[in-house]
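Chains as they are written, first to last, in the working numbering: chain L, 1 to 275; chain H, 276 to 550; chain P, 551 to 872; chain U, 873 to 1194.
No lab work stands behind these hints, which were simulated from the structure alone. Some clues are possibly wrong.
[Said to hold, decoys possible] EDC-like mimics (lysine to aspartate or glutamate), calculated; alpha carbons at most 20 Å apart, straight line: (1) H:K447 <-> P:E767; (2) L:K173 <-> U:D1009; (3) U:K1020 <-> H:D459; (4) H:K447 <-> P:D687; (5) H:K448 <-> P:D687; (6) H:K448 <-> P:E685; (7) P:K633 <-> P:E812; (8) L:K172 <-> U:E1007; (9) U:K877 <-> H:E303; (10) P:K702 <-> U:E1155; (11) L:K3 <-> L:E257; (12) P:K645 <-> P:D687; (13) U:K1137 <-> L:E263; (14) L:K172 <-> U:E1094; (15) P:K633 <-> H:E402; (16) P:K555 <-> L:E127; (17) L:K173 <-> L:E209; (18) P:K633 <-> H:E428; (19) U:K955 <-> L:E153; (20) P:K698 <-> L:D184; (21) P:K633 <-> H:E538; (22) H:K448 <-> P:E709; (23) U:K967 <-> L:E127; (24) U:K967 <-> L:D122; (25) P:K815 <-> H:E428; (26) U:K1154 <-> U:E1134; (27) P:K702 <-> P:E738; (28) U:K877 <-> H:D301; (29) P:K645 <-> H:E402; (30) L:K173 <-> U:E1031; (31) P:K815 <-> H:E537; (32) L:K172 <-> U:E1031; (33) P:K698 <-> U:E1031.
[To be verified] Some but not every residue of chain U turned toward chain L, in silico, with C-beta under 10 Å: (34) G957; (35) S975; (36) L999; (37) R1013.
Computed from a predicted model, the values in this text were never measured in an experiment. Cβ atoms here follow ideal geometry from the backbone N, Cα and C, with glycine treated the same way.
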Amino acid sequence: MSKHALPGEYSLPDLLCCAASREVRDNEVVFAGTGLPMVAILLAQRTHAPNLKLIFEAGTLDGRPPELPTSVGASCCEIGASRSSGLNDAFSIAQRGYVDLGYLGGAEVDQYGNVNTTCIGDYLHSELRLTGSGGNPDINSFASRTVFIMLHEKRRFVNNVSYITSPGWRVKKWPGGEFVHRRDLYGSAFRGGPSAVISTVGVFRFDEETGCMFLDTCHPGKTPEEIKDLCQFDLDISRVKGETEVPTLEELRIIHEVLDPEEIFIPKIKKHAHA
Amino acid sequence: MSKHALPGEYSLPDLLCCAASREVRDNEVVFAGTGLPMVAILLAQRTHAPNLKLIFEAGTLDGRPPELPTSVGASCCEIGASRSSGLNDAFSIAQRGYVDLGYLGGAEVDQYGNVNTTCIGDYLHSELRLTGSGGNPDINSFASRTVFIMLHEKRRFVNNVSYITSPGWRVKKWPGGEFVHRRDLYGSAFRGGPSAVISTVGVFRFDEETGCMFLDTCHPGKTPEEIKDLCQFDLDISRVKGETEVPTLEELRIIHEVLDPEEIFIPKIKKHAHA
Amino acid sequence: MSIDKRITLQQAVEIIKDGSRLTFSGFTIWRRPMAVVYELIRQHRKGLHLIEVNGGSHTEFLVGAGCVDIWESCWVGHELYGKYGANVSRKVREKSLIVEDYSHAEMLYRFAAASQGVPYAVGQTSLGTDIHNPEYDMLGRAGLRDGKRIAKHKYIFTEDSFYGAGSLVLVPAAKVDIAVLFVHQVGEEGTVRINGQFYSDPEVARAADTTIVVAEEIVPEEYLRRDSTRNNIPSFEVDYILECPFGAHPSGVFGRYDVDGEFLKHFYATTRTQEGFDAFAKEWIHGHDQLSYLEKLGWSRMLNLRANSALNYTPRKTKGGN
Amino acid sequence: MSIDKRITLQQAVEIIKDGSRLTFSGFTIWRRPMAVVYELIRQHRKGLHLIEVNGGSHTEFLVGAGCVDIWESCWVGHELYGKYGANVSRKVREKSLIVEDYSHAEMLYRFAAASQGVPYAVGQTSLGTDIHNPEYDMLGRAGLRDGKRIAKHKYIFTEDSFYGAGSLVLVPAAKVDIAVLFVHQVGEEGTVRINGQFYSDPEVARAADTTIVVAEEIVPEEYLRRDSTRNNIPSFEVDYILECPFGAHPSGVFGRYDVDGEFLKHFYATTRTQEGFDAFAKEWIHGHDQLSYLEKLGWSRMLNLRANSALNYTPRKTKGGN
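For reference, chain L alone in the conformation it holds in the complex (with noise of 0.2 Å):
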């Protein structure tokens, strides 16, 4: 096994890359956005998981893209690809419970892992609407797993996000809006939620009987306070089992020489940056 970087050696993103990729255990079908989980998930085909199967949202199923796509939509997603056809088959896909992972993004999560990313601030009178949903619920409501990837800010680790876009483990249910189990929402499509949170200060799991955050490991530098610190809910720190892994040398080189030698989603390390 290649050697861990030393502080200094790589950057932030490279560690959430890298965490990122560590979450797919090889065989598993992988369900992709664009961005840094794409970096991750391609990482891991290169290291531990070579046989996982990759499927992009636009219906590219079991692909192999020869280089880093700039978007699941992209003309390089379907070379290589077992199939290339259409949402209808990747949706049908997700539905029946084919995908372990899925990997997503956030801009705001609450303790129950529930993630925004329609708006900020009263969905009814919104100042900012970002871009919406995406399948963003659809990946993370069938998936057995999901991994988020998110700045980490004080005001995005929120007691109650703007809007539920992704469904966390514990959701609200409609007309009345009290939150409850996911599992006794989803009955049969009920496979699992919100794996992990990978941010830019920790690693956070899930109690997935209470349904509470927890953080699992800190990024090199950071305490358990000062991450609790970070989050406007009581998050749960009495679980820390240590330091996030760092990158190693050789999946430092991947991602730079191989995966995104153009810097699309992730910069490489300045001489004089630090880690």
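Based on the hints, put chains H, P and U in the right spot on chain L.
This is chains H, P and U only, laid out in the frame that chain L set:
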């Protein structure tokens, strides 16, 4: 226009085939089954309706088979087609309302045009199970017009069919099973119904308000009274227009020299045979 | 790549247990996995629950051999080579086979729903027919609607509240344990390429819990992936693969071989009775394997069925007889 | 054959009336009929009701130009060339645009239902999210749910009675007056061939009452019919056709040209304000036709976007910049 054939120059299947062919208008989308209907449609395509769009249930859209297919799943169906795919396409297109005309067969028919292709006798204690519905009810439910081609015997033109496989103009409303007008049951999916029954003795049409069959034309040599006698129900013979138009020489040439030279569905007339 | 999906014909049939809910690729007398059907008969599989978009000669073989207890579908016959399904008809008359009738479109919708992971489909077909007659819910009458392996209801009738479209019929997803497909090519990782009409094979493969693909040829996965839009079923939906040339005979395969109409006519003519079926099975199925079956068919017969590879079908003028 | 389906770009846009329910081919920033979008803006079309599986740069153009009153979809942005839909966001803030949010899968199901001729689809996605919040039914709040052009309900919640699968959500079919597609090839009779991922184009074409196909090339119908399994949309689903080379720019077309990322970045950077949008439209849209637009883009820019025809994409190492 080609001359009409004289008695003795055509057979009864020739007459049925040509009568069926004349039900197609140019540019229509036609849903075709195997057998004599297929010959009739290909005849129309080669005479007055060169731009008809032919759909085969197995998944061929706008097909132009180079020779007469022996079934809708056959390999030559898709040669020259606009698109070849599968049943999901074919039935989606039908339910979406693209189909103008369907051609069907049946073992029994009642005065409302309800047709049976499922069993003879009590369904729950079946003496003879037939092929079953196939796409008969589906094509009939969705097309604007349907044409049935049937062998005419008194035991086939009945008061009550053993089993309503394919819906006529008055159908059963479940759970009670009382007869209602098709329009009242199909709602926005109502687009029409059986427009003709072409039997071995005449051509029958339907009063779309009462839903009842009436005699439109008698095949050469048959009288309205004879035909009425061949129905269990009280056939309306007050609207007879005259005699069924006989095949033209050109139509006969296309049937026997171009479409079905091997006599797969339509035997050639023997020297000593009568029309 | 890491998981070897190859199995033998015998292993394929061992995966299909007595009582399995089973379905197949193909359409009436086209692209049916007949080699598997024969082996099921040889291994005396019992109590099968067939759920099929449509039936065909293969249904007649399995039903005639007594392998099937329940058949849910819409049609059985041999197209122009035999007017109806005489074995199904006989077993229905004897009440040794439960037949649950849906329409053709309904059967397709049922598989489409299952393939999409939803419990039912919405349709407006066949309203007012006896297909929807509540008295004719045969699985209900037999007390088999447990809501798990077999849906609690044959149908549910409802009205549309979105657009006032009127009466709707809801049909339950077709849940099957195993789908057996016969296709042109399969890659080592399971990618399937079908030539010509693909019928309802993609829905069937995705609906089944386990999918077995029998192919004319196993080809390099890399070859199929050079043109991914031509492939019909993705690798990960296929659990097991095997190569079985001419394994669809007597059904036909687009671009490869025609339906063996003479064979089906003979089957139809001789299997109206159980004694007739048993004699046929003794001659053509039992004591054979796939190779000895092909030997028995002989070269002349098979060459006559061969499709012209430029045309993808067997032009009648090049054929002897018919 | 008898019906000439060819029209001009101007005629295409005249078919789309003020207030039409409209949808498009493509996916985010791929294969969007931009030439038609530009012409809609030139002809000052008003009150459009866009219903889209997903939005993209083309949505931003139409919304920025004030052509759109209602947008039903799930996403808008420029992928990595612009973080969000700034024009949509601005119009929502100003309350001059009604946005009805569904999830991506739900939008797809809505079009699939419409393409199958059923009034709604069944799904289990997005349960428990604010997408299903009854307070956020924006078309309902606006009193626009007439049950004819717009479904009576945004959602209906129900339970499965067939298998006890639990909570289900029913979403109304996406009924649209017109779909405008941009594709690789169309035949004179309307047969469409798309290369690469076909996204949700087949559903969209079948769902619409009128389908207009804009193609890189009009090709002989007979050429397409030589290989009918490669075609995606049958002739009779297409009402009008026109040829418009590079008519998807700045969106990308598989095997032909890449997304013009620099163009989209420039659009995103300069159209956050209405004044910015108006200046952009003045420079790039008004007073132009498709040819003068291409002239303004220039050869160097377009050659740089060209896909390698062996690879079907534009490898980054061969490109200047980016």
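Hints that the structure is at odds with (numbers, increasing): Violated hints: 1, 10, 14, 16, 25 and 27; rest satisfied.
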